[in-house]
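Which chain is which? The protein sequence lines are A and B, in order.
Reminder that position 110 of the first sequence reads as 110 in our numbering, one-by-one numbering, no gaps.
Reminder that position 161 of the second sequence reads as 1161 in our numbering, one-by-one numbering, no gaps.
Certain hints may be false.
What the hints assert, rightly or not - Simulated DEER-style distance windows between Cβ atoms: (1) A/Asp137 to B/Asp1148: 21 to 29 Å; (2) B/Pro1146 to A/Asp137: 45 to 53 Å; (3) B/Ile1177 to A/Ala47: 52 to 60 Å.
To be verified - Below, computed lysine-lysine pairings styled on DSSO-like, alpha-carbon distance capped at 30 Å: (4) B/Lys1214 to A/Lys18; (5) B/Lys1210 to A/Lys163; (6) B/Lys1210 to A/Lys214; (7) B/Lys1174 to A/Lys210; (8) A/Lys174 to B/Lys1018; (9) A/Lys214 to B/Lys1088; (10) B/Lys1002 to A/Lys210; (11) A/Lys105 to B/Lys1210.
It is worth saying that the hints were derived from the structure and are not from the lab.
All of these numbers come straight from a predicted model, not from anything done at the bench.
Note that CB positions come from ideal geometry on N, CA and C, so glycine has one too.
Protein chains: 2
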Amino acid sequence: MKIGMLGTGPVGRNLATKLVQLGHEVKMGSRTADNKDATAWAQANGAKASRGTFADAAAFGEIIFNVTNGQHSLEALKSAGEKNLNGKILVDVANPLDFSTGELKLTVSNTDSLGEQVQRAFPKAKVVKALNTVNTDIQVNPSLLPGDHDLFISGDDKAAKAKVTELLKSFGWKSIIDLGGIKSARGQEALLLMFMSLSNAMPNEYFNYKVVRKKR
Amino acid sequence: MKIGMLGTGPVGRNLATKLVQLGHEVKMGSRTADNKDATAWAQANGAKASRGTFADAAAFGEIIFNVTNGQHSLEALKSAGEKNLNGKILVDVANPLDFSTGELKLTVSNTDSLGEQVQRAFPKAKVVKALNTVNTDIQVNPSLLPGDHDLFISGDDKAAKAKVTELLKSFGWKSIIDLGGIKSARGQEALLLMFMSLSNAMPNEYFNYKVVRKKR
């Protein structure tokens, strides 16, 4: 499959590398076509890896990943171009984090979410919120953690969620819980506040949740 | 131990009953001394169960539980009286929920929490946030869910957290994760947004999280 990866940070590079390893063609997009990180990544990852602008990557992909800084995601997606997103699956991995005050806060939460903002801004894209609840190494290698643990997806388009679920299973995810419409991205993004609390209690960021349910 | 239970709703009655069953003396407090639910609860639970005003219950307890509606907790605690809370452990179980718009939102979140508000309002109380992340039946009977699953506590006073941990273990909780200072209540309260998203995906509200950690 052809995939557009919007963003060149560690999360984007990790996901892009995994996708190339799985046989997909990935174009990594950034504000400028000659971004240093994207160029280095493309050079290191063979013929199926390429780079360009946000618009180049979005035009290229059948599926688009938003892995930009959550504070700037809407701007980056505008730069990618609505026509390049319309009708496509847009996997929103970004977290709307603001560290500018020295302590983490979400730029949107509680009564709205970045996932919803993206869906409202691009109503013809099929936004699926996923992968934002775990650290980047676990995103692409869930077996780093023992036993069962859960990933969550949110989105209004069922077929899009099914497609993303299939892709995530190819990463090694065994349990993917469909939370419902894109509004449920509020829950996934709120987990970031718990992530920050738990990170302080844990020796590292290598943890995730298993949802334990009542015995029948 | 003598325990003051501030609040007469299902969560308060359930916790109060459990505490009486464990041999503690519990006084349930409400705005008026003759609250119907508190009276019925006290009559049904024997000599160790009693009821009174918020102030009566707070004066009675060595440990105080706040199980009032989160929107009105600060007001209820003021009514309980600062002098009746000073120096005592105050277990804050409340969630700052507002359903008035027809959809759940938190009245405080992200950059603050009810736990922190309570601690700021009553600086000489030892506030411990706990139990707000699971439904009331699981609070008092964690074995309703299979295997291991986690409860969280937050608070600035280590001895208070140790005491509350001991009490929670007597409820049957085996794994209680200390998230750190009361500021980490933000994480616990944010879980409510995830709770709402997950509730829609689950057959019922009988679920909890197990934190899965990296293999060593």
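Here is how each hint holds up against the structure:
no., hint, result
1, A/Asp137 to B/Asp1148: 21 to 29 Å, "holds (24 Å)"
2, B/Pro1146 to A/Asp137: 45 to 53 Å, "violated (29 Å)"
3, B/Ile1177 to A/Ala47: 52 to 60 Å, "violated (47 Å)"
4, B/Lys1214 to A/Lys18, "holds (20 Å)"
5, B/Lys1210 to A/Lys163, "holds (27 Å)"
6, B/Lys1210 to A/Lys214, "holds (13 Å)"
7, B/Lys1174 to A/Lys210, "holds (16 Å)"
8, A/Lys174 to B/Lys1018, "violated (38 Å)"
9, A/Lys214 to B/Lys1088, "violated (35 Å)"
10, B/Lys1002 to A/Lys210, "violated (36 Å)"
11, A/Lys105 to B/Lys1210, "holds (25 Å)"
When held up to the earlier numbered hints, the structure conflicts with 2, 3, 8, 9 and 10 and fits the remainder.
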